[in-house]
Amino acid sequence: MKDKRFLIVAVLILVAGAFLPHVVKNAYVFYAGFVTLQYIVISTGWNILGGYGGYVNFGSGAFVGLGTYAAVFLFNAIAAPLWLQILGAAVVGGLLGLAVGYLTLRIQGVYFSIATLALTVVLNTVIVNWPFVGAARGATVLAPPQHGWFPTIVTYVFFAMLVLAVLSIALARWIERSWIGRGLAALRADEKAAESAGVPTLKLKLATAAISGALMAMAGAPYPYYASYVEPTAAFSITYALNALAMPLIGGTRSWVGPLIGAILLSGIEQAATVTIPSEVNLLIVGFVLIGFVVAAPDGLLRLFGRRSAPGRRA
Amino acid sequence: MTETILAVRDIWKRFGGQPAVAGVTLDVERGEKLGIIGPNGSGKTTLINCITGVLKPDQGTVTFEGADISALPAYRRARRGIARSFQIPRPFVGITVAQNVMVPLDYVDDVDNPVARTRELLKLVGLESRADHPAESLTHLELRKLELARALAAEPRLLIADEVMAGLSETEIDEVLATLFALNDRGVTVIMIEHIMHAIMRFSQRLVCMETGRIIADGTPHDVGKDPEVRRVYFGEQASH
Amino acid sequence: MFFELTSNAIVSGLLLGGLYAVASLGLTITFGLLEIPNVAHPTFIVLGAYCTEYLNRLGLDPVVAGVIIAPAFYLGGMALYQAYYASFERRGRSNTLQSFTFFFGVALVLQVLLILVAGVDLKSADAAYIGKSLVLGVIRMPYRLIVPFAVGLVVGLGMWLFLSRTRTGLAIRAVAHDSDALRIVGLSPTQAKRHAFGIAMMTAAVAGSALIVASPVDPFIGAQYIGRTFAVVVLAGMGSVPGTLVGALVIGLLESLIITFVGATWAPGVAFAALLACLAIRPSGIFGIAR
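Heads up: the protein sequence lines correspond to chains A, S and R, in order.
Following the working numbering, the numbering of the first sequence begins with 1 at its first residue and continues without gaps.
Following the working numbering, the numbering of the second sequence begins with 1 at its first residue and continues without gaps.
Following the working numbering, the numbering of the third sequence begins with 1 at its first residue and continues without gaps.
Just to be clear, a hint being listed does not mean it is correct.
What the hints assert, rightly or not - Beta-carbon label-pair distances, calculated as ranges:
(1) H133(S) <-> V9(A): 41 to 51 Å
(2) R76(S) <-> T6(R): 25 to 35 Å
(3) D223(S) <-> F162(R): 54 to 64 Å
(4) A83(R) <-> S137(S): 21 to 31 Å
(5) Y28(A) <-> F162(R): 51 to 61 Å
(6) D121(R) <-> F19(A): 43 to 53 Å
Derived by calculation from the structure, the hints in this document are not laboratory data.
Heads up, the beta-carbon is just placed ideally off N, CA and C, and yes, glycines get one too.
Isolated chain A (complex conformation):
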């Protein structure tokens, strides 16, 4: 059964990830790996609402940044451990997704997208005016002295992100194959017909927006430990929004495999490019890639190479 195979692979990956820091001593692997894993979580989370449901979030940076600052807040306020920071981020991210969804998903999908466009600016504004989390100056987050099994803080957050990546993919895969995935596909295809078939479209959209928001925010939570220093421009960076869009688009939006492929591919390319070319040119290339794909191969690489990737279980 495919489920069992998936479970075995997932466990193997986690075990490998846990032992990796003791085998590989090159820190760069973990620094770079963290970024890619973070994008796996972000694009998977994005795709649950964007690819499966058809509602495009242009403000992923807002959610990721929110998660980052939720972590900073919890750290500053109660010296919360990482798992609690992640949990807090998930809750706040979910609530934001729900709020934006509630305000806009009852009208037309296009308004959801517009609202998310401006969301990043708004959250940035709020944080910039909030001294407790560092405002515009930024906040320094000192790593916890003990990270147990893991030799360094980087390997610690790397593993945390690996866990999040596996969990988010497992969740996306489950959603895709379940009645939720079918309901989302129905409402994406034809909302009125879906309603007439019994699908509670508004509730489904809201729940999905909350899940998507929670996942993207969780991706931001380990960042303070990773970078030690958090400031708004980086936390709410436009590259999050851009990549959250580009990665599923490139990999394929209909299946959980798409964002995974897109994240690994694009993040890999970007990191290789950063070393050699200035970051603006990097952005430029991603922008062109985005336009190119949306025009020529909108269903992503998966469809381009002929793989059947329909959501939901075979009946």
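Fit chains S and R to the given chain A structure using the hints.
Positioned in the frame of chain A, the structure of chains S and R alone reads:
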């Protein structure tokens, strides 16, 4: 024992200045085979949309099985046992034919074996061979069959079939009619909207004719067929079947 | 003292609204009437500002420069629509995700190109009237705000006349409501839309020149204007020119009051808050018909 399963009271629906439905009142008995005819633009589909909850009427009420469902959203009405097929097929593109049929099974509860039921339904409408094909690859005819299968999926107590037979061959029309008759025998109330006269005349035990948003005739197919108003409205609109 | 503060805040807000009106009018057409989500519009305004700055350095008055670059932007707008049409509408795919993403990509590419060509430093324009103010009693109106306001009125009036009195203008409104009416006017829907895009881009050019008169510009200012322009268009009621003017004045006023009484760092969030409030209370906007 007859009981009213659907009571439509004084429904009005305007688009811009024009009323598409102008004060329709209609009672449907449980187990009845009701046919609705009328030229294009007479408000048949708009009335159905108001009944199923896709549109909100400007005034009027809809009662189903004794309960006022006027304020309920479409999905709740579906869960209470109202199903409809769309005049222009609205498939869920992006998933397979079988998954299309599974959607109502997922959301209208209490279906014992959804996988088996899906196969059964697809076999019924003749789409079994296309089960795992993406919905977007279906021909127009096959899409109509999918519409019917999806509407039948969750065992509705009221089925509204909006032009399910358009474009079908004579044999296929007979098959669909047989299915609908069998369904009705099991107690399902069927409201049929059709332009294929011989089919709807054969099927209906009661016929209603609409024109510009109003009901202009209501009676047995025989009587309505002879009604001078109905003849006037249909002059030049004779379906060739 | 309070009166002076308030009245100046109100006046500046209204003047700012004129600028926001010019910025938003193009979007009223493309997004409000044609329902094409052109999120690249604010970036084109920034491009207009940069072009104006360049011509200004050569000695031209900014507003004049805006008028001069307008035709080029008109052609650019038509080309952009053509690209969009060829990629999406002709293939029958006006899928929201894809069209949004297309313009998002265009906006990004344009912004990065601006950074690469012109750098990230603030650029400003020079003119005789920038720096001076008109003083009426306690009210102090800087010319750098009066000029954009005037431009806003002129463009707004022009747009309204165009859409209601000319054949092309009526055709564009027809596209939004009823494609059959277009045939009477003799234009195909595609031609009408192409011209509409061209006009929208023209307003972006003029808006850019007004923008750089009002304040210095850097390549990142487009992000703030996305929120503002979309807020104005939604507040207006999609496709309504008078609504756009009113909506812009409202947004300008709100921002100015918040800046004066709460703090400048809160200003970027105001437009968005207004957008959300509008969506929550009356999504059809001030002048719009319920969808």
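Now for the hints, and whether the structure bears them out:
H133(S) and V9(A) have their C-beta atoms about 29 Å apart, which leaves the hinted 41 to 51 Å range violated. Between R76(S) and T6(R), the C-beta spacing of about 51 Å breaks the proposed range 25 to 35 Å. Our hint of 54 to 64 Å for D223(S) and F162(R) holds, since their Cβ atoms are close to 59 Å apart. Range check, A83(R) to S137(S): about 30 Å between beta-carbon atoms, so the 21 to 31 Å window is met.
A C-beta distance of roughly 59 Å is found between Y28(A) and F162(R), which places it inside the suggested range of 51 to 61 Å. With their beta carbons about 49 Å apart, D121(R) and F19(A) fall inside the hinted range of 43 to 53 Å.
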